[in-house]
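*Asks:* Listed here are the chains, written in short residue letters.
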Amino acid sequence: MGELKLMKGNEALAEAIIRAGTDGYFGYPITPQSEVLEYLMASKPWETTGMVVLQAESEVASINMLYGGGGTGKKVVTSSSSPGISLMQEGLSYIAGAEIPILIVNVVRGGPGLGDIQPAQSDYFQSTKGGGHGDYRLIVLAPSSVQEMADFVPVAYDLAFKYRNPAMILSDGAIGQMMEKVEFFEPVPRLKDEEVKARYPWATNGKPVNGERRILTSLDLDPQKLEDHNHHIQEKYRKIEENEVRYEALQCDDADYILVAYGTSARVSLKSVKLLREKGIKVGLLRPITLWPFCTKKIRELVGQGVKGFLSVEMSAGQMVEDVRLAVNGKVKVEHFGRLGGMIHSPEEVVEALEQKIIGG
Amino acid sequence: MTEEIIIAGFGGQGVLSMGKILAYSGIMQDQEVSWMPSYGPEMRGGTANVTVIVSDERISSPILRAYDTAIILNQQSMDKFEPEVKPGGTLLYDPNGISRHPSRKDINIFKVEGAKKAAEMGNTKIFNMIVLGAYLKIKPIVKLENVVKGLKKSLPERHHKLIPLNEDAILLGMKNVEVVQEV
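Protein sequence lines, in the order shown, are assigned to chains F and R.
Numbering (this note's numbering) for the first sequence: 335 to 695.
Numbering (this note's numbering) for the second sequence: 28 to 210.
One thing to keep in mind: the hints can contain errors.
Distance condition first, Cα-Cα at most 20 Å in a straight line; then the derived EDC-like pairs of lysine to aspartate or glutamate [to be verified]:
| no. | chain 1 | residue 1 | chain 2 | residue 2 |
| --- | --- | --- | --- | --- |
| 1 | R | K180 | F | E517 |
| 2 | R | K179 | F | E517 |
| 3 | R | K113 | F | E682 |
| 4 | R | K179 | F | E337 |
Here are the computed distance ranges between Cβ atoms for each label pair [unchecked claim]:
| no. | chain 1 | residue 1 | chain 2 | residue 2 | range |
| --- | --- | --- | --- | --- | --- |
| 5 | F | M677 | R | L171 | 34 to 40 Å |
| 6 | R | P110 | F | P523 | 50 to 56 Å |
| 7 | R | K188 | F | E578 | 47 to 53 Å |
| 8 | F | G675 | R | R131 | 28 to 34 Å |
| 9 | F | Q690 | R | L192 | 52 to 58 Å |
| 10 | F | P446 | R | Q102 | 35 to 41 Å |
| 11 | R | N123 | F | Q389 | 39 to 45 Å |
These are calculated hints, taken from the structure and not from any lab test.
In this text, a Cβ means the ideal position worked out from N, Cα and C, and glycines have one as well.
Okay, chain F solo, but in the shape it has when bound (with noise of 0.2 Å):
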């Protein structure tokens, strides 16, 4: 067992970082993420495991030297956070078009526009949708620990490797400011130069050996051949909705309701939980860790079970509610609480707003 460390979300996201490996790391300082920069800075793994670490011009720039950076197979991570993440769109689009494995880091704040700089879940719609233009989307994992925070980089670089996609940590600002123990998973190196070649034969990164020229784009004006290329996209986050769907479940064997929240919503609502259940009130928890692909059957699999009703617990005006009723296909009842602008539900809210909304309702 390796050392306990009380670090912050932010903290222990950069750490993770550093010795998942990383080739390179592009960002623009923005609250409350700015701690990640910061700490890479601070650390130097440039002296150590040769990776990169730079602080771009602006987050427009940062995305684009991942697009080049993934495109050449290294592994690279942007960080930032509302704000930055909407300028990044653009060319998160293309990196989905062109399939490059790369990763990219929400620490969510209040919005809409610059908004605040307190916790938010409101940038939901724009992870799991697409975001950017055209049909994409993002293998998005939503830690609510920061030890989460830590592990969820390894596992975020796999992914985003073994399906060439582009994926995301959707965190939040209490997440990445607050501090518990956290244990990291043991550094791993960085590929050399002829491992990249030899794993990822898509990779445009010199003179192949058998002259066949690479090229990485999203751009294709034979509009069959952009279906067909779309068709062979859909195929694979069909497949990725198949394999990759990871959830937590607890205390939802005997449930009559379920709360679903992701993150600090999901801190909270466990805390509810207890409360409702030492009312006499049979309530789980059901946590996405993938906010997509999503539980859809595991939601399901609930109904089926016989569940009342489910809250969705979000800080937004409700946005991961429209999945859970897509999932529960008007079976039984589904609301939504929210807080909203970078504030926070408390434990005993989400107790009232389950009695009144769902048991009362």
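Place chain R on chain F using the hints.
*Replies:* Frame of chain F; chain R shown alone:
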């Protein structure tokens, strides 16, 4: 055991670092901990608070509206957090700068003259450790030896020479805590 604590005062009083040392001490004795600051566009002299949870179990919500213990170090924090102490819970405060003293009848109330004692020791920076000592006298959730280990972890090496001073301050706080009301 789960202890849910809010520590609240002015920025610069050492509120966040007191919470951090407490959290590290919990880790030193194999407990689960969380440290959730109020962060925001705040400045020196503004209010600062941190929620610390130390538990034998997995910690659920790091954000709370009801606390086992409130450690209160200024008037604004008294106004905000006295009502949020759980019935039967504990409120510890430094009367320095407090004009409206706590009035609830259903909670345990203690006070410690942290600011005064720190001034007497000639070092206002150890104020937060005096208050921490007072808290640990009331609720010995972490052992002093683990606090010292926690201090070693949370202070940079160059400040380790200050650990004995911090330890003295904790002991001073333990001696100077006064009971106002017990329920």
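*Asks:* It remains to establish, for every hint, whether it holds in the given structure.
*Replies:* Here's how the hints hold up against the structure:
1. K180(R) with E517(F): holds, 15 Å
2. K179(R) with E517(F): holds, 18 Å
3. K113(R) with E682(F): holds, 13 Å
4. K179(R) with E337(F): With Cα atoms ~14 Å apart, K179(R) and E337(F) stay inside 20 Å; holds.
5. M677(F) with L171(R): 34 to 40 Å: Distance hint for M677(F), L171(R) holds at roughly 39 Å.
6. P110(R) with P523(F): 50 to 56 Å: holds, 54 Å
7. K188(R) with E578(F): 47 to 53 Å: Since K188(R) and E578(F) have Cβ atoms about 52 Å apart, the given range 47 to 53 Å holds.
8. G675(F) with R131(R): 28 to 34 Å: At roughly 31 Å between Cβ atoms, R131(R) and G675(F) fall inside 28 to 34 Å, so the hint holds.
9. Q690(F) with L192(R): 52 to 58 Å: For L192(R) against Q690(F), whose Cβ atoms are near 53 Å apart, the range 52 to 58 Å holds.
10. P446(F) with Q102(R): 35 to 41 Å: Cβ of P446(F) to Cβ of Q102(R): about 36 Å, so the range 35 to 41 Å holds.
11. N123(R) with Q389(F): 39 to 45 Å: holds, 43 Å
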